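Peer 1: Using the hints, position chain Y against chain H.
2 protein chains.
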Amino acid sequence: MFQQLTIIGSGLLGASLGMAVKNKGLAQTIKVWARRKETLSLCKVEDWCDYAEDDLEQSVKGSEFVIICTPVETIPNIIEKIAMVSNDGTIITDVGSVKSKICYLGDQAVLNSGVGFIGSHPMAGSENSGMGHADLNLFNGKPCIITSTEKSSRNMVEITKGFWKALNMNVYEFSPEEHDKAVAYFSHLPHLISSCLANNLEWKPKSWRKISGNGIKDCTRIAAGDPELWKQIFLMNKEPLMLALDDWENTLLKLREIIQNEDIDKILSFLEQGANFRKDL
Amino acid sequence: MFQQLTIIGSGLLGASLGMAVKNKGLAQTIKVWARRKETLSLCKVEDWCDYAEDDLEQSVKGSEFVIICTPVETIPNIIEKIAMVSNDGTIITDVGSVKSKICYLGDQAVLNSGVGFIGSHPMAGSENSGMGHADLNLFNGKPCIITSTEKSSRNMVEITKGFWKALNMNVYEFSPEEHDKAVAYFSHLPHLISSCLANNLEWKPKSWRKISGNGIKDCTRIAAGDPELWKQIFLMNKEPLMLALDDWENTLLKLREIIQNEDIDKILSFLEQGANFRKDL
Numbered sequence: 000m001f002q003q004l005t006i007i008g009s010g011l012l013g014a015s016l017g018m019a020v021k022n023k024g025l026a027q028t029i030k031v032w033a034r035r036k037e038t039l040s041l042c043k044v045e046d047w048c049d050y051a052e053d054d055l056e057q058s059v060k061g062s063e064f065v066i067i068c069t070p071v072e073t074i075p076n077i078i079e080k081i082a083m084v085s086n087d088g089t090i091i092t093d094v095g096s097v098k099s100k101i102c103y104l105g106d107q108a109v110l111n112s113g114v115g116f117i118g119s120h121p122m123a124g125s126e127n128s129g130m131g132h133a134d135l136n137l138f139n140g141k142p143c144i145i146t147s148t149e150k151s152s153r154n155m156v157e158i159t160k161g162f163w164k165a166l167n168m169n170v171y172e173f174s175p176e177e178h179d180k181a182v183a184y185f186s187h188l189p190h191l192i193s194s195c196l197a198n199n200l201e202w203k204p205k206s207w208r209k210i211s212g213n214g215i216k217d218c219t220r221i222a223a224g225d226p227e228l229w230k231q232i233f234l235m236n237k238e239p240l241m242l243a244l245d246d247w248e249n250t251l252l253k254l255r256e257i258i259q260n261e262d263i264d265k266i267l268s269f270l271e272q273g274a275n276f277r278k279d280l
Numbered sequence: 000m001f002q003q004l005t006i007i008g009s010g011l012l013g014a015s016l017g018m019a020v021k022n023k024g025l026a027q028t029i030k031v032w033a034r035r036k037e038t039l040s041l042c043k044v045e046d047w048c049d050y051a052e053d054d055l056e057q058s059v060k061g062s063e064f065v066i067i068c069t070p071v072e073t074i075p076n077i078i079e080k081i082a083m084v085s086n087d088g089t090i091i092t093d094v095g096s097v098k099s100k101i102c103y104l105g106d107q108a109v110l111n112s113g114v115g116f117i118g119s120h121p122m123a124g125s126e127n128s129g130m131g132h133a134d135l136n137l138f139n140g141k142p143c144i145i146t147s148t149e150k151s152s153r154n155m156v157e158i159t160k161g162f163w164k165a166l167n168m169n170v171y172e173f174s175p176e177e178h179d180k181a182v183a184y185f186s187h188l189p190h191l192i193s194s195c196l197a198n199n200l201e202w203k204p205k206s207w208r209k210i211s212g213n214g215i216k217d218c219t220r221i222a223a224g225d226p227e228l229w230k231q232i233f234l235m236n237k238e239p240l241m242l243a244l245d246d247w248e249n250t251l252l253k254l255r256e257i258i259q260n261e262d263i264d265k266i267l268s269f270l271e272q273g274a275n276f277r278k279d280l
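One line per chain: the protein sequences are H and Y, in this order. Numbering that gives the first Met the number 0 applies: residue 0 is where the first sequence begins, and numbers increase by one. Numbering that gives the first Met the number 0 applies: residue 0 is where the second sequence begins, and numbers increase by one.
In isolation and in its complexed conformation, chain H is listed as follows (with noise of 0.2 Å):
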């Protein structure tokens, strides 16, 4: 349990963390930062927050745990901020979906200083935002990864792997580098094409709507998602994502080919190892 742990943000992820913690009693004390005055009234009057500031260095003040729940451009800025003012033995970490370029800055931020920054990636995000779709249960059961890199402390990426094991998450170590590789694969190239399906059928006939059934509505949930977010995620994994994508791309023409040559077997086969994928998952 820690004396007293901030929480940098309060949308989705952070509210649905301060509300976990406290009722999972894992810090004594919660504070949380936010920029913008009605959201500081709102989180006034939560039961899981116990300050709220709009100054990132009294925030940060005396927490020995600071999870920064930001968007996920505006996290290296925020590293860079609070390292200097945090207390040696400081843990810092984050919820973003892109970790290279976070941990990169978050190793140089923290330098020759006693603070340590550990990458955290808890896979628990929806199509909703926003700290109006808060909840208790977000993390329970959902992957959560960790990145370390050679300038991490093993005791404190055990003890933020202890933290997220706590709220029940399925806690993984990656490096930086694999992590980004890997979610551009399992949830950015996914997403990627589920705008890209909707955006695709926006601009069809209106009364085709009205067939959708729950194949394409599966196949688009995700597409709901906030835009402002991809689009900051997008650009942050640019590289591992677009290679993803030509990868695929390469998939998806060998499927062409072969339907347009009407390969009964090969079909068959294509279509019988994603189904194998689909069951294993």
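Derived from the structure by calculation, the hints contain no laboratory data. On a predicted model such as this, the values are computed, not experimentally measured, just so you know. Treat the hints with care, since some could be wrong.
Since the list can't tell identical chains apart, any single copy or any two copies may satisfy a pair.
[To be verified] Quick list of in silico lysine to any residue cross-link-like pairs, SDA-like style, CA-CA up to 20 Å:
1. Lys141 x Leu25
2. Lys253 x Pro226
3. Lys203 x Thr250
4. Lys141 x Arg220
5. Lys150 x Glu172
6. Lys253 x Met241
Peer 2: Quick look at chain Y alone, frame taken from chain H:
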């Protein structure tokens, strides 16, 4: 209510249909045709099945309404066989996912007879298949497209619509050609893309699978569908599907370019258009 109704084929759709027809009291007698001995035995002990036959001619004798629920590529052949032996006034329909070829052959098969062929496409499938997954409520609230041609009897179209409406389906009428174009975009293209994603991921490191979130699970759910069924659908609707794929690849190319160029405004508006589509579904 029909005096006698025949269901040809007792897979997921055929068996669910039998249950629903019996439950709603839409037919006094339900006859089922099944090819395999084991399936015949299974049908015979079902409450909803009054007679089970392996002789196609016998199975439709005396029925006013016949629904062909066999794999889509076998439907044209079955229509030809039963059209000749059905009574005047009999309506033959089907549940096939592709309609132009079936309706063209259906019209030819009943030409100058008192029998009518009206195409149906109840969009109630799932990634499951077989009688073991049959469900009384499978059709509830799902879309069903009736495909009429200039040769269709209006009276028979209305009776067929009434039948699916009685099963609580949302019934729409399309030409076979418009149906095939619409499902190419709203059902077959999503399946192709989902299978392609699942196939591509099948070859990635197994350790990455543990980070699968809801996004990838939703996007690939339909990829677990029956490969044999989908191979048939892809081939029977090949032309509309390849046109939809060409069109979709142009959209993908656009998205790739704006990400490559880091054109923030265009990425945002692309993602917003996709989100709008999904929120409207």
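Peer 1: When no copy is specified for lysine 253 and methionine 241, does a C-alpha distance of 20 Å or less occur within a copy, between copies, both, or neither?
Peer 2: both (19 Å within a copy, 13 Å between copies)
Peer 1: Cα distance capped at 20 Å. Does lysine 253 pair with proline 226 within a copy, between copies, both, or neither?
Peer 2: between (31 Å within a copy, 16 Å between copies)
Peer 1: Is the C-alpha distance from lysine 203 to threonine 250 at most 20 Å within one copy, between copies, in both cases, or in neither?
Peer 2: between (26 Å within a copy, 13 Å between copies)
Peer 1: Please sort lysine 141 with arginine 220 into within, between, both or neither, judging by C-alpha distance up to 20 Å.
Peer 2: For lysine 141 and arginine 220, the Cα distance is within 20 Å both inside one copy (18 Å) and across copies (18 Å).
Peer 1: Quick one: lysine 141 to leucine 25, C-alpha cut-off 20 Å, is that within a copy, between copies, both, or neither?
Peer 2: within (18 Å within a copy, 46 Å between copies)
Peer 1: Given identical chains, is lysine 150 near glutamate 172, meaning Cα to Cα at most 20 Å, within a copy, between copies, both, or neither?
Peer 2: Answer is within: at 15 Å inside a copy they meet the 20 Å cutoff, but 65 Å across does not.
Comparing the model with each numbered hint stated earlier shows that all of them hold.
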